[in-house]
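2 protein chains.
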Amino acid sequence: MVNKELSPSMFIGVRGRGIISFGSGQPDLPPPKKVLACKAGYDDFKYGLIAGRRELRESLAQEFKKFKATKEDFIVTNGASESLDLAFRAICKPKDKILLHVPYYYSYKPLIEMNHFVPSFVKTNKGKIDIEDFEGKVHDVKAVLINSPSNPTGRLQDIKTLKIIEKVTQDLKIPLISDEVYKDLIYERENYMLSGSQVITINSFSKTFSMCGARVGYLYSKNSGIINKVIQLKTITSMNTNILAQRMAYHATKVPKSFIDSNVKIWKQRRDIIYERMLELGLDVWKPEGAFYILPKIKNPRKFVREMFKKHKVITYLGEWFGADDRVRFSYALDTKEIEEGLKRVGKYLKKN
Amino acid sequence: MVNKELSPSMFIGVRGRGIISFGSGQPDLPPPKKVLACKAGYDDFKYGLIAGRRELRESLAQEFKKFKATKEDFIVTNGASESLDLAFRAICKPKDKILLHVPYYYSYKPLIEMNHFVPSFVKTNKGKIDIEDFEGKVHDVKAVLINSPSNPTGRLQDIKTLKIIEKVTQDLKIPLISDEVYKDLIYERENYMLSGSQVITINSFSKTFSMCGARVGYLYSKNSGIINKVIQLKTITSMNTNILAQRMAYHATKVPKSFIDSNVKIWKQRRDIIYERMLELGLDVWKPEGAFYILPKIKNPRKFVREMFKKHKVITYLGEWFGADDRVRFSYALDTKEIEEGLKRVGKYLKKN
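Chains as they are written, first to last, in the numbering used here: chain A, 1 to 353; chain B, 1 to 353.
Pulled out of the complex, with its shape left as it was, chain A reads as follows (with noise of 0.2 Å):
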C-alpha cells in the first residue's frame, strides 16, 4: 500500500473486520422491502429495449410531470456513471472543452480525459460556484456539467446561481449536464431541478434507495437528438441495463415519499454528528447541505489517508481525486456509532501529527 500510488479502486468494495470506511459513496441503510422482494419472481431473462423498461420510464415520467415529462425522454443505464459517459460522448469530439466546477466527482476528470476531451475549471468560494468566472469561460466549451448537490462537498448551488447557469447556457446553445443522483437527500431546501431544451438530467436510484451494486441509473433529457444519439450508442456498448435491476428500479418508483423523508432525517442526524465533531477537532470545513460527504482542510493528506488506513484501519479519500489538494472527503454513510469511532481515531491521528 505504502509504495502504491493511492487510488479511489484500491478501496471500491473493499470491506471487513475493524475497518471504519468513510470511503465509498454508498448508503448503509437497506433498500426498500418491496425492492427487494419482486427478484424471487422474475424470471424473464431476454434482451430488453436498449432505453429501459417501458413500466420504468413511465413510471418516471410520471414523477417529472411538471416538465411534461414522457417515457420517451428517459434511458436507464448502469448507473449515473453510464449516463454521464454516453451522453459525454454523444455531444463531444476529441479536443472538445467541458466546463466543470472544483471539487469535483472524482471520476469527471478522468472520464473527460479519457475520452480525449479536454476538462476546464470553475472556480467555487466554499463550494459555491464563482458566477463570474462561470460567465468568462463559458463562451468557449462544448458542454456544461453542474453537480449539485455536489460529491465531494455536499454543498448546493443556490437557485439563483442555476438560474443563471441555465439561462445563459440556454441562450448560447450549449448543452447543460446536470447531475442530480443526491437531488433526494437535502436538508436545507427542496431540489431544484435545472431544465430546458439543453438540459441533460442524470440520476441514479444507488443513492436514494440503496441500491448501488444494482447499478440502475437513467439519463432524462427534452432534447430527442441527445436521447436518439445515446441509444445509438447504448445499442453498442452495454444494450439494455440489466433487466431485473430495471424491474427493481420500478419498485422503487412505487415506494411512499416517507421512505426517502425517513431517511433523509437518518442522514440529517449524521451530517450533525460528523459536522459538529470536525469542528471540535479544529478542522477547516463547510456544512453540508446535501448528499453525504464532507470535506475538511487536512495538513498533509496523502500521509493521513495513508495512515488513517494502515494504523487505525479508517478510509478516506484523498482530496486531490477532487480537485481539492488540501483536503479529504469523508462519506459519512455509516452509522452514528462508526461516525463517532472513526473521528475518535482520526483524533488520535490529529494529536500526533
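It should be emphasised that the hints constitute simulated quantities derived from the structure, not laboratory data.
For clarity, every value in this text was computed on a predicted model and none was experimentally measured.
Hints are not guaranteed to be accurate.
As the list claims (entries may be wrong) - Only pairs whose alpha carbons sit at most 20 Å apart, straight line, appear in this in silico EDC-like list of lysine to aspartate or glutamate:
1) Lys33/A with Asp44/B
2) Lys46/A with Asp28/B
3) Lys46/A with Glu338/B
4) Lys39/B with Asp44/A
5) Lys33/B with Asp43/A
6) Lys39/A with Asp43/B
7) Lys46/B with Glu338/A
8) Lys297/B with Asp272/B
Given chain A, work out where chain B should sit, using these hints.
For chain B alone, kept in the frame of chain A given last:
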C-alpha cells in the same frame, strides 16, 4: 417503418402476437434452474469490486486452467459488448486502425467509428478469412479483432488460420481481440481458443446460458497492463457489473456440462432444418458451423426485410448492417415449428418477388 431508416435497434426487444423473429441473437431456451433459483435469497446490493466478484473470477480461472489463468486475469462486464468497448478504449487512440473480417457483427463498425478509430477490413471467402489479405493488412493496424464462430455467418475460422493469426500478432506485438461468445455453440469441432500475451478474449454468459437480458460477459487476458487499464476505465464508467447478475453467472459456471451438450443438440437440429429449407428454397447459403445464424443471399435485401416485417410479420436483419450488402441475416434461435412457419412465409414472399 417504411419511411424510417432500417436499424437493428428498431427490432431489439420487440415481441408480439404472430411475429416470428429471426432477428435478435438470443436463445429461446430457458436459463439453468440454479441460475434462476439463486435470486430469491440474495439481498446484498452494495458496490462490488470493479473487476467482478471473486467467486466468479475464481470459477472462470478454473475453467481456463489449461492456460494457467488466475482470477486477476478476468474482468466481469455488462455483456461481451461492454468488454469490447472497454478493450478498444484501453488499447487505441483516435485515428488508430483496427483490422476485422467481413462480414462482421453489426456493432463492430459503429463501435470502432464512434470511438474515433478507423476500421480496416479483411476479405473472407464463404466466411473464411483470406489469410494473404490478412498478412498484407496487419502491419499498420493497432489491433486485430477476430470473431469465430462468427455472427452473422455462423462460420468457424480454420485452426490453421487461427494459428497463423496468433503467431503474426504475437511477433508484431499487436493486441489480438478474440470475441468467442459462441465458443460453446459449435457443431463441427471443439473451440480453438486463441491465446498468448497479446490476446484479449471476450466472452459472455448470454448465449450459452440464455441470459442475454442479465448482461454478463467477461474479458480475459494474461496482459496485466491491459487488465489494469480496463479496470481504470470501468471504475469511471459503469463501475461493478450488476452484483446479482454476477451471482447468477457464478451459478452458471457450476452447471454440469450436460446442460450445454443437450442445448447444442437442439441448436444442431435447428441448424440442419434451416439450412435444408434454405437450400430447398434455392437460396445461396453457407453451412453454419457454430452460433445460430445463417446469411443467405437475397435479391433486394432492403425490400425483403421491410416487407417480411410489414406484410408477413417476420423479423430479419439486413446484411448491410454486417458488411454483407447482398445478404440477410437469420437467427435460428427459435423452435423448429417457428423456423418452419417463418420459412414458409419467406417462401411465399420469394414466389411473388
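Are the Cα positions of Lys39/A and Asp43/B separated by 20 Å at most? Answer holds: Lys39/A to Asp43/B is near 9 Å, not above 20 Å.
Given the hint that Lys46/A pairs with Glu338/B, test it: the Cα-Cα distance must not exceed 20 Å. holds, 18 Å
Take the C-alpha atoms of Lys46/B and Glu338/A, compute the straight-line distance between them, and say whether it is at most 20 Å. Answer holds: Lys46/B to Glu338/A is near 18 Å, not above 20 Å.
Just to be careful, I want the Cα atoms of Lys33/B and Asp43/A compared with a cutoff of 20 Å; is the pair within it? Holds, because 10 Å separates the two Cα atoms, which is no more than 20 Å.
If you draw a straight line from the CA of Lys39/B to the CA of Asp44/A, is it 20 Å or shorter? Given that 20 Å is the threshold and the Cα spacing comes to 12 Å, the pair holds.
Within 20 Å, alpha carbon to alpha carbon, are Lys33/A and Asp44/B? holds, 12 Å
Verify the proposed pairing of Lys297/B with Asp272/B, using a straight-line Cα cut of 20 Å. holds, 18 Å
Straight-line Cα separation of Lys46/A and Asp28/B no greater than 20 Å? Since the Cα atoms of Lys46/A and Asp28/B sit roughly 8 Å apart, the hinted pair holds (cutoff 20 Å).
The structure shown violates none of the earlier numbered hints.
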